[in-house]
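Student: Build the full structure now, drawing on both the sequences and the hints.
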Amino acid sequence: MDAAPEEPDFVRELRARCAAEGGVLWIQPDELGVFAPEAARGFHACHFADLTLADKLSDVVRGQRSAPFSWKDIRAAWLTQLRRLSDGEGLRQLEERMVALLEARLGRPLDVMWTAHEVVTGSLLPVVVKALPAADLALVQRDQEFKLRRLLGVGGSRATRWEELRFVLGQVRSGNAVRRELRGRASGRRPRQADLMDPIVDLLPTLGVDRAVDAVTAVITAIAGPPGAAAASLLYELTHQPEQVARLVEELAPLSAADFHADPTRTAPATHRFVKEVLRMWGPPMFMTREAAGDLQVDETRLKKGQRFIVSPYLLHHDPKHWSAPDTFAPERWLPEAPHGACPRSSYVPFGWAPTACIGAGMGTAQLMLLCRLLLLRYRIQLKDPGAVRMRLAAVPMPVNFQGVLVPR
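Per the numbering used here: the sequence shown = residues 7 to 415.
It should be emphasised that the hints constitute simulated quantities derived from the structure, not laboratory data.
Check each hint, because a few of them may be wrong.
Here are the computed lysine-lysine pairs in the BS3-like style, where the Cα-Cα straight-line distance is at most 30 Å [as the list claims (entries may be wrong)]: (1) K153 - K78; (2) K78 - K311; (3) K390 - K153.
Ranges between beta-carbon positions, derived for each pair [as the list claims (entries may be wrong)]: (4) R172 - T295: 23 to 29 Å; (5) V174 - T295: 18 to 24 Å; (6) D208 - R253: 43 to 49 Å.
Glycine included, every Cβ here is placed at the ideal spot set by N, Cα and C.
Tutor: Right under this line is the structure:
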């Protein structure tokens with residue numbers, strides 16, 4: 007069953023303009039749409055050419071300059087740690103946390119979209135910061151929930167001043183929880199942990215606490231939204247692609263858990279293709295807007311400082327110039343001999359562009375494959391009204407009317 011996107015008018019208009027005018031076009035006098043693969047890559051790279059962090063707050067107050075520190079050094083430390091956290095044992099522990107969250111939701115009516123966010127975000131948080139004291143963990147989780155509700159538009163109406171204040175206070179309290187943990191580990195009062203916060207502790211003498219808090223909270227924010235949106239889209243396709251699902255079950259059922267955890271993309275290539283196609287069809291976010299910090303030029307197109315440019319993984323992933331049948335869900339397009347055509351590398355960007363591409367791309371893919379395995383071999387979703395479920399494109403693609411009950415197989 008194909009899932010044609012239900013596109014808002016402005017998305018359809020942009021697709022039509024891209025087809026007629028090319029992928030680089032002015033949307034407003036100071037807002038450039040960059041929807042051609044190489045141009046999007048080029049503008050993103052130019053915009054983020056300098057990844058030097060801002061000065062420490064304490065130095066700003068004193069009127070001093072901080073020692074330069076590049077975001078690249080933080081990314082390098084995280085990538086080293088992520089290789090350890092996403093090995094076979096790391097994926098086993100991740101799946102164990104996912105199972106605990108799924109088990110807690112068995113047998114009762116669920117908003118499946120919201121459940122996907124809860125399970126994915128809740129199981130990823132210990133990868134970022136592990137073993138927080140209960141009170142601080144509650145602060146971080148509450149802040150994540152606030153951010154997720156804003157992203158998904160839960161509540162519908164515009165936030166009141168009180169709600170905005172609560173949102174800001176939630177961020178401050180979550181940041182203070184991170185600050186306490188960083189200082190506790192640095193002083194030896196708190197044990198070191200196998201998580202993404204830990205390498206930041208070693209960088210504190212040069213990085214400083216303020217910039218360290220910003221780095222850790224940025225990742226906490228990053229896992230509260232896009233990973234869950236991808237998981238919700240995955241569950242949508244698992245409930246709407248019976249023929250594909252049968253192939254996945256045939257592949258996954260004979261595999262031992264240990265073999266799967268050790269190398270999921272190698273041991274389950276069909277499942278990997280399914281996940282890649284979910285990320286192509288529905289990869290979040292829909293659009294990203296950047297304000298040029300300086301003058302930018304790619305080929306003949308120039309942006310002045312203060313002007314904005316917009317990039318869109320969705321438009322790249324659905325461009326018929328680069329994909330055959332782009333609105334058709336077809337995991338087989340990822341086969342080497344694909345009838346739908348080989349993937350142009352710069353046209354597939356579910357994890358963003360260098361030099362700021364998502365550091366958790368490998369773990370994110372593996373987690374979606376873990377979710378496939380759990381929902382096909384251990385649990386199933388009984389939809390309340392299968393015909394009512396549809397995909398809606400907002401800040402992120404989301405399945406709506408996705409109500410059901412999670413039951414064991």
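Student: Now, for every hint given, state plainly whether the structure supports it.
Tutor: Evaluated hints:
{"no.": "1", "hint": "K153 - K78", "result": "holds (26 Å)"}
{"no.": "2", "hint": "K78 - K311", "result": "holds (23 Å)"}
{"no.": "3", "hint": "K390 - K153", "result": "holds (28 Å)"}
{"no.": "4", "hint": "R172 - T295: 23 to 29 Å", "result": "holds (25 Å)"}
{"no.": "5", "hint": "V174 - T295: 18 to 24 Å", "result": "holds (21 Å)"}
{"no.": "6", "hint": "D208 - R253: 43 to 49 Å", "result": "holds (45 Å)"}
This entry satisfies every hint, going by the numbered hints stated previously.
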